[in-house]
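S.K.: Single-letter residue listing:
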Amino acid sequence: MSPADNDRTIAQLPDGLWSQPAVTVPDLGDVEPVQRLRLPASMTYRYNPGLSQTRYLRGLEQKKIIGERSSDNPDVYVPSRGMNPTEGTPTTEQVEVGPKATISSFCVVHIGFGVNAPPTPFVSALILPDGAAVSLYGTLLEVPIEDVRIGMRVEPVWVADDQLAPSSENITHWRPIDEPDVPAELLKGHM
Amino acid sequence: MRDVAIVSVAQSDFVRALTRRNEVEMIQPVIQQAFDQIGATIADIDFTVSGSSDYLAGQAFSFVMTLDAVGAWPPISESHVEMDGAWALYEAWIKIQAGHADTALIYGYSKASPGDLPRVLSRQLDPYYYAPLWPDSVAMAGLQARQMLDRGAITEAEMAGIAHRNREAARSNPHAQVKGSKTVEELLAEDYLSDPLRTHDCPPISDGGTAVIIAAGDKAREWAKRPAWIRGIDHRVDSHSFGTRDLTRAPSIAKAAEKAGVHDGPIDVAEVHAPFSHQEKIVRNELGLGDGVAVNPSGGALAANAVMAAGLIRLGEVANRIMSGEANRGVAHATGGQLLQQNLVAVLEGE
Numbered sequence: 001m002s003p004a005d006n007d008r009t010i011a012q013l014p015d016g017l018w019s020q021p022a023v024t025v026p027d028l029g030d031v032e033p034v035q036r037l038r039l040p041a042s043m044t045y046r047y048n049p050g051l052s053q054t055r056y057l058r059g060l061e062q063k064k065i066i067g068e069r070s071s072d073n074p075d076v077y078v079p080s081r082g083m084n085p086t087e088g089t090p091t092t093e094q095v096e097v098g099p100k101a102t103i104s105s106f107c108v109v110h111i112g113f114g115v116n117a118p119p120t121p122f123v124s125a126l127i128l129p130d131g132a133a134v135s136l137y138g139t140l141l142e143v144p145i146e147d148v149r150i151g152m153r154v155e156p157v158w159v160a161d162d163q164l165a166p167s168s169e170n171i172t173h174w175r176p177i178d179e180p181d182v183p184a185e186l187l188k189g190h191m
Numbered sequence: 001m002r003d004v005a006i007v008s009v010a011q012s013d014f015v016r017a018l019t020r021r022n023e024v025e026m027i028q029p030v031i032q033q034a035f036d037q038i039g040a041t042i043a044d045i046d047f048t049v050s051g052s053s054d055y056l057a058g059q060a061f062s063f064v065m066t067l068d069a070v071g072a073w074p075p076i077s078e079s080h081v082e083m084d085g086a087w088a089l090y091e092a093w094i095k096i097q098a099g100h101a102d103t104a105l106i107y108g109y110s111k112a113s114p115g116d117l118p119r120v121l122s123r124q125l126d127p128y129y130y131a132p133l134w135p136d137s138v139a140m141a142g143l144q145a146r147q148m149l150d151r152g153a154i155t156e157a158e159m160a161g162i163a164h165r166n167r168e169a170a171r172s173n174p175h176a177q178v179k180g181s182k183t184v185e186e187l188l189a190e191d192y193l194s195d196p197l198r199t200h201d202c203p204p205i206s207d208g209g210t211a212v213i214i215a216a217g218d219k220a221r222e223w224a225k226r227p228a229w230i231r232g233i234d235h236r237v238d239s240h241s242f243g244t245r246d247l248t249r250a251p252s253i254a255k256a257a258e259k260a261g262v263h264d265g266p267i268d269v270a271e272v273h274a275p276f277s278h279q280e281k282i283v284r285n286e287l288g289l290g291d292g293v294a295v296n297p298s299g300g301a302l303a304a305n306a307v308m309a310a311g312l313i314r315l316g317e318v319a320n321r322i323m324s325g326e327a328n329r330g331v332a333h334a335t336g337g338q339l340l341q342q343n344l345v346a347v348l349e350g351e
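Chains as they are written, first to last, in the numbering used here: chain A, 1 to 191; chain B, 1 to 351.
In case anyone wonders, no lab produced these hints; they're calculated from the structure. Just so you know, not all the hints are guaranteed correct.
Pairwise CB distance ranges, derived in the manner of DEER restraints [as the list claims (entries may be wrong)]:
{"#": "1", "chain 1": "A", "residue 1": "Gln94", "chain 2": "B", "residue 2": "Tyr129", "range": "47 to 55 Å"}
{"#": "2", "chain 1": "A", "residue 1": "Pro74", "chain 2": "B", "residue 2": "Thr41", "range": "13 to 21 Å"}
{"#": "3", "chain 1": "A", "residue 1": "Cys107", "chain 2": "B", "residue 2": "Ile38", "range": "43 to 51 Å"}
{"#": "4", "chain 1": "B", "residue 1": "Gly99", "chain 2": "A", "residue 2": "Leu164", "range": "56 to 64 Å"}
{"#": "5", "chain 1": "A", "residue 1": "Arg38", "chain 2": "B", "residue 2": "Thr244", "range": "46 to 54 Å"}
{"#": "6", "chain 1": "A", "residue 1": "Asp30", "chain 2": "B", "residue 2": "His240", "range": "49 to 57 Å"}
{"#": "7", "chain 1": "B", "residue 1": "His240", "chain 2": "A", "residue 2": "Arg36", "range": "17 to 25 Å"}
{"#": "8", "chain 1": "B", "residue 1": "Ala98", "chain 2": "A", "residue 2": "Cys107", "range": "35 to 43 Å"}
{"#": "9", "chain 1": "B", "residue 1": "Asp54", "chain 2": "A", "residue 2": "Pro180", "range": "55 to 63 Å"}
{"#": "10", "chain 1": "A", "residue 1": "Gln94", "chain 2": "B", "residue 2": "Arg119", "range": "33 to 41 Å"}
{"#": "11", "chain 1": "A", "residue 1": "Asp162", "chain 2": "B", "residue 2": "Asp54", "range": "33 to 41 Å"}
{"#": "12", "chain 1": "B", "residue 1": "Thr199", "chain 2": "A", "residue 2": "Arg38", "range": "45 to 53 Å"}
{"#": "13", "chain 1": "A", "residue 1": "Arg58", "chain 2": "B", "residue 2": "Arg119", "range": "49 to 57 Å"}
Some chain B residues close to chain A (C-beta under 10 Å, calculated; not the full set) [stated by the list, open to error]:
{"#": "14", "residue": "Thr66"}
{"#": "15", "residue": "Ala72"}
{"#": "16", "residue": "Ser113"}
{"#": "17", "residue": "Ala131"}
{"#": "18", "residue": "Ser172"}
Looking from chain A toward chain B, a few residues come up when the C-beta cut is under 10 Å (computed) [claimed, not checked]:
{"#": "19", "residue": "Ala41"}
{"#": "20", "residue": "Arg46"}
{"#": "21", "residue": "Gly50"}
{"#": "22", "residue": "Ser52"}
{"#": "23", "residue": "Leu57"}
{"#": "24", "residue": "Arg58"}
{"#": "25", "residue": "Gly82"}
{"#": "26", "residue": "Asn84"}
{"#": "27", "residue": "Thr86"}
{"#": "28", "residue": "Gly88"}
{"#": "29", "residue": "Pro90"}
{"#": "30", "residue": "Gln94"}
{"#": "31", "residue": "Gly151"}
{"#": "32", "residue": "Arg153"}
All C-beta atoms, glycine included, are put in the ideal place defined by N, C-alpha and C.
The shape of chain A in the complex, shown without the other chains:
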């Protein structure tokens, strides 16, 4: 990958990743072929996050990461959708997890997607909050890329208090903290 490609989207890459054979058009005689139809469509939905996700989003509004667990299994899911997915039973207990957390996997992104992506290259990571059974997805900043590793300890960085909303965007990114790494052995089952 040449450095010049770092700030380009995949769709703009020369011979893009999804290159396809040339389009052929059947012989229609004198009729000019229609090669494109414009069929605009949009629909508006009013989304209801439900009981469990509402509790998660209200927690984020107070800079708290709220996980949930069912009565028949100790695993804390975050964010919970209301069920323990391995048991198929409702999560009835709320548990605050984190805010300190551990990197359980990471990836160095060279081609940015999305409107909120930081300048490339950056690190996206799976982040296991203390006390949770599953990892959250987030962006890791404030650290040289070559220093990032599985087991690294991190903490969330929140938006300013006057911008807090019931939204996952309340955590702008995660950053390292000065604590010893968690051995990979202890992350088994969570990565």
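Following the hints, position chain B against chain A.
M.R.: Using the frame of chain A, we list chain B on its own:
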């Protein structure tokens, strides 16, 4: 052919808008009830299959999320249809016939309330010629009702009578959304919604779901005192190009009924999936039901119509009446698409 029966049926209450719960929170208690009724768990189930559509709640991969309600660990054998749960049951039945499973969990559900359902349903249409014109589902049904009225195949009073009978029957259905009806005379005095359809001719918009467990042979006998055996099941399709159809008929229903063996014995009860009042007469005619058959004792789709569940519930309602001993041989019909385009017919029978 293996003997396969419905042994457990559960359904949610149906409401216009279940705003507090998400889809998985809505369907989990229903699945749990289907298990509890026969003392089973997911470990007893060989195959799980659901029917739903992401377009309804406007949520991508919603069926993957609702799998959280099943307890899919260790990993289960699972499938999904972007159709009514009745077609999910058909897939499960095939799986059992093929010898790949002895038991199956089927569920169908939707929350239509987040979107504008009549517009959302227009996305089922041909994407190049029909869908860009955004015909809503009520207007489409109006085209069909108009053909029937002009041909003398039905009257507005008959349509009101069908709506009245279904909603009065729904008074005894604890899960129904619309229970009871004004008199036929009062209904006919009301304004049109999409002429020739009045509000009473149209189904309610419903959130909710249903879960059904089926099993083969001795397993079915172990789980149910009187299993509702699936004696025949078949599904057929009419053209999706409405201009080519005689909309007053649905030959696919007659064909499916013949293949499912509807006419091989007497029918005590029928549950037909006719979202619009005039459609009940089409379904009834195509099934060849006699006058003595009780049609839609549950209130049918005019009393509750959760898209992707309303067809599966028809099978469940017939099965419940057989399992309770109230009926001996019944027919269930499910429809999908617009204007009775796709149809499934099943014959259920006691031992």
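S.K.: Run every hint past the structure and note whether it holds.
M.R.: Comparing the hints with the structure gives:
1. Gln94(A) <-> Tyr129(B): 47 to 55 Å: holds, 51 Å
2. Pro74(A) <-> Thr41(B): 13 to 21 Å: holds, 19 Å
3. Cys107(A) <-> Ile38(B): 43 to 51 Å: holds, 46 Å
4. Gly99(B) <-> Leu164(A): 56 to 64 Å: holds, 57 Å
5. Arg38(A) <-> Thr244(B): 46 to 54 Å: Once the Cβ atoms are compared, 26 Å apart, the range 46 to 54 Å for threonine 244(B) and arginine 38(A) is violated.
6. Asp30(A) <-> His240(B): 49 to 57 Å: violated, 31 Å
7. His240(B) <-> Arg36(A): 17 to 25 Å: holds, 23 Å
8. Ala98(B) <-> Cys107(A): 35 to 43 Å: This hint holds: roughly 42 Å between Cβ atoms.
9. Asp54(B) <-> Pro180(A): 55 to 63 Å: violated, 45 Å
10. Gln94(A) <-> Arg119(B): 33 to 41 Å: holds, 38 Å
11. Asp162(A) <-> Asp54(B): 33 to 41 Å: holds, 36 Å
12. Thr199(B) <-> Arg38(A): 45 to 53 Å: violated, 36 Å
13. Arg58(A) <-> Arg119(B): 49 to 57 Å: violated, 32 Å
14. Thr66: holds, 9 Å
15. Ala72: holds, 7 Å
16. Ser113: Because about 8 Å separates serine 113(B) from the closest Cβ in chain A, which is inside the 10 Å limit, the hint holds.
17. Ala131: Interface hint status for alanine 131(B): holds (7 Å vs cutoff 10 Å).
18. Ser172: violated, 30 Å
19. Ala41: holds, 7 Å
20. Arg46: holds, 5 Å
21. Gly50: holds, 3 Å
22. Ser52: holds, 7 Å
23. Leu57: With Cβ-Cβ at 12 Å, over 10 Å, it is violated.
24. Arg58: violated, 14 Å
25. Gly82: For glycine 82(A), the interface hint holds, since the closest Cβ of chain B sits about 4 Å away, which is under 10 Å.
26. Asn84: holds, 8 Å
27. Thr86: OK, holds: threonine 86(A) within 10 Å of chain B, min 4 Å.
28. Gly88: holds, 3 Å
29. Pro90: holds, 6 Å
30. Gln94: violated, 15 Å
31. Gly151: violated, 26 Å
32. Arg153: At 29 Å from the nearest chain B Cβ, arginine 153(A) fails the 10 Å test, so the hint is violated.
Of the numbered hints listed earlier, those contradicted by the structure are 5, 6, 9, 12, 13, 18, 23, 24, 30, 31 and 32.
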